[in-house]
Amino acid sequence: MGSLGIYSESGLTKKGSSRGYDVPEGVDIRGRYDEEFAKILNKEALLFVADLQRTFRNHIKYSMECRREAKRRYNEGGLPGFDPATKYIRDSEWTCAPVPPAVADRRVEITGPVERKMIINALNSGAKVFMADFEDALSPNWENLMRGQINLKDAVDGTISFHDRARNRVYKLNDQTAKLFVRPRGWHLPEAHIFIDGEPATGCLVDFGLYFFHNHANFRRSQGQGYGPFFYLPKMEHSREAKIWNSVFERAEKMAGIERGSIRATVLIETLPAVFQMNEILYELRDHSVGLNCGRWDYIFSYVKTFQAHPDRLLPDRVLVGMTQHFMRSYSDLLIRTCHRRGVHAMGGMAAQIPIRDDPKANEVALELVRKDKLREVKAGHDGTWAAHPGLIPACMEVFSNNMGNAPNQIRSMRHDDAANLTEEDLLQRPRGVRTMEGLRLNTRVGIQYLAAWLTGAGSVPLYNLMEDAATAEISRVQNWQWLKYGVELDGDGLGVRVNKELFGRVVEEEMERIEREVGKERFKKGMYKEACKMFTRQCTAPNLDDFLTLDAYNYIVIHHPRELSKL
Numbered sequence: 001m002g003s004l005g006i007y008s009e010s011g012l013t014k015k016g017s018s019r020g021y022d023v024p025e026g027v028d029i030r031g032r033y034d035e036e037f038a039k040i041l042n043k044e045a046l047l048f049v050a051d052l053q054r055t056f057r058n059h060i061k062y063s064m065e066c067r068r069e070a071k072r073r074y075n076e077g078g079l080p081g082f083d084p085a086t087k088y089i090r091d092s093e094w095t096c097a098p099v100p101p102a103v104a105d106r107r108v109e110i111t112g113p114v115e116r117k118m119i120i121n122a123l124n125s126g127a128k129v130f131m132a133d134f135e136d137a138l139s140p141n142w143e144n145l146m147r148g149q150i151n152l153k154d155a156v157d158g159t160i161s162f163h164d165r166a167r168n169r170v171y172k173l174n175d176q177t178a179k180l181f182v183r184p185r186g187w188h189l190p191e192a193h194i195f196i197d198g199e200p201a202t203g204c205l206v207d208f209g210l211y212f213f214h215n216h217a218n219f220r221r222s223q224g225q226g227y228g229p230f231f232y233l234p235k236m237e238h239s240r241e242a243k244i245w246n247s248v249f250e251r252a253e254k255m256a257g258i259e260r261g262s263i264r265a266t267v268l269i270e271t272l273p274a275v276f277q278m279n280e281i282l283y284e285l286r287d288h289s290v291g292l293n294c295g296r297w298d299y300i301f302s303y304v305k306t307f308q309a310h311p312d313r314l315l316p317d318r319v320l321v322g323m324t325q326h327f328m329r330s331y332s333d334l335l336i337r338t339c340h341r342r343g344v345h346a347m348g349g350m351a352a353q354i355p356i357r358d359d360p361k362a363n364e365v366a367l368e369l370v371r372k373d374k375l376r377e378v379k380a381g382h383d384g385t386w387a388a389h390p391g392l393i394p395a396c397m398e399v400f401s402n403n404m405g406n407a408p409n410q411i412r413s414m415r416h417d418d419a420a421n422l423t424e425e426d427l428l429q430r431p432r433g434v435r436t437m438e439g440l441r442l443n444t445r446v447g448i449q450y451l452a453a454w455l456t457g458a459g460s461v462p463l464y465n466l467m468e469d470a471a472t473a474e475i476s477r478v479q480n481w482q483w484l485k486y487g488v489e490l491d492g493d494g495l496g497v498r499v500n501k502e503l504f505g506r507v508v509e510e511e512m513e514r515i516e517r518e519v520g521k522e523r524f525k526k527g528m529y530k531e532a533c534k535m536f537t538r539q540c541t542a543p544n545l546d547d548f549l550t551l552d553a554y555n556y557i558v559i560h561h562p563r564e565l566s567k568l
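Start counting the sequence shown at 1; every next residue gets the next number (full-length UniProt numbering).
Because the hints were derived from the structure by calculation, they are not lab data.
Errors might be hidden in some of the hints.
[Unchecked claim] Derived CB-CB ranges, DEER-like:
no., residue 1, residue 2, range
1, Gln-225, Asn-174, 11 to 21 Å
2, Met-437, Asp-287, 47 to 57 Å
3, Arg-221, Lys-501, 12 to 22 Å
4, Ala-85, Asn-174, 42 to 52 Å
5, Asn-406, Lys-501, 15 to 25 Å
[To be verified] Under the rule of at most 27 Å between Cα atoms (straight-line distance), these lysine-lysine pairs were calculated in the BS3-like manner:
no., residue 1, residue 2
6, Lys-534, Lys-485
7, Lys-61, Lys-43
8, Lys-254, Lys-71
Built from N, CA and C at the ideal position, the CB exists for glycine as well.
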């Protein structure tokens, strides 16, 4: 087990037991007991997580209240914008700490859940980085979270293997592997299987704390060349949230006895308010930053959510909201300029396509779309990009390598100074395009199928030749909600039909029939499609928009196990 070397036996709190786990005082584990899980959830590790929770919980609560306050402001007609109080940070010259050599070259990154076979395939994929995900690509049930921690520990130790019995094949790590980044959950998500002082722990502190505790020493030795561990940080809306992360990192470094600035993180800019805070976010994390990333699917979701009370800002069909839309291109250009000015990576967005093995022609068309998207990114100045499937790595790598040559990144060579003139209006410009019945149907079909998979433990779901995660389901949900709320006209069909509850009810019924045809009667009956349909429909027709689909759905996957009487 990893050790932070800070808790002597005499320093441990009095012996407690929680459903078979040996826990410190004030910690209650309500998830299923498992001997393997108990190695991850040892007393020292839980003390570390509890310390983080107790130190930062009030800061987190305050930040979440600030989010609610901002939402009230937007719902009353306000717009997000640059904060005059932090103009000095945006205008002054400063840079983040130098990029560690181990992660200078990040031209292609692959992402996926912390599932065992996925981790091995992703680390072996030929990508420069693998982002192992506890967030949008994972359904955070107890088994997934704990097995994910075990899998990551085995990966960092270099011992991970997987026997696929169906194929009678054993998967192991190659000599050359991608660098490992880990994405914990967002600040807003609880971990209801672990209670600390009578309330659920903060999900991201559990994800970060357990992974850091068990792996920091081995990671720095085997992967980080003296730096690390490395992280991706999701869903932030304001630099005050980055400031909490920075303090978490400093506390972890101090407790582990490693140099300040060892931990490094890339922040996903995937909420509309955060685009106005990019300099401030980097400034708060300047000793721990390795850049920003265009989390573009969540960014579209956030645009709708931020403007939920603004009927003049309705989105067209989601397939039309790409990087050629002015507000999306402005976001990407400003991110590149901000990162390069501050000396860190500007990472591009996700290619969600999956190879279409049974249709070579369709597969080539899909690959060509990927190449075009990646060419646009590298020419704009991005230092790297994301792919969801190992099959896309060669195409993405070829585009970036052809345009970057031998340089590990474009931090010094692509300043993008013209983006300095981008205004709030550029970043908020209304998206152009039409709304269609097929857009409504696709949202409904994808939303229900994703949610059904999520409820049964899968957070990364192949649908219609794309790898979908929670962000796609979120766009589907909030767009349906917005169209219903404002009774929008489906102006792209030439029919002039307006969206209302009756029409939506009919669409849901017909799309459920289509899903049953597509997946087959047996799978439809066994899956949680009906439960997902109810939940998705309720969220789309609710008078008030829920902040996150997964917050509501989370209650359905939390399983509390009764205490074992023999252990009490």
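Each hint, compared with the structure:
1. Gln-225 to Asn-174: 11 to 21 Å: holds (19 Å)
2. Met-437 to Asp-287: 47 to 57 Å: With Cβ atoms ~52 Å apart, the hint holds.
3. Arg-221 to Lys-501: 12 to 22 Å: Roughly 59 Å apart at Cβ, these two residues miss the hinted range, so it is violated.
4. Ala-85 to Asn-174: 42 to 52 Å: holds (50 Å)
5. Asn-406 to Lys-501: 15 to 25 Å: At roughly 59 Å between Cβ atoms, Lys-501 and Asn-406 fall outside 15 to 25 Å, so the hint is violated.
6. Lys-534 to Lys-485: Answer holds: Lys-534 to Lys-485 is near 18 Å, not above 27 Å.
7. Lys-61 to Lys-43: Holds: Lys-61 and Lys-43 sit about 26 Å apart, inside 27 Å.
8. Lys-254 to Lys-71: violated (36 Å)
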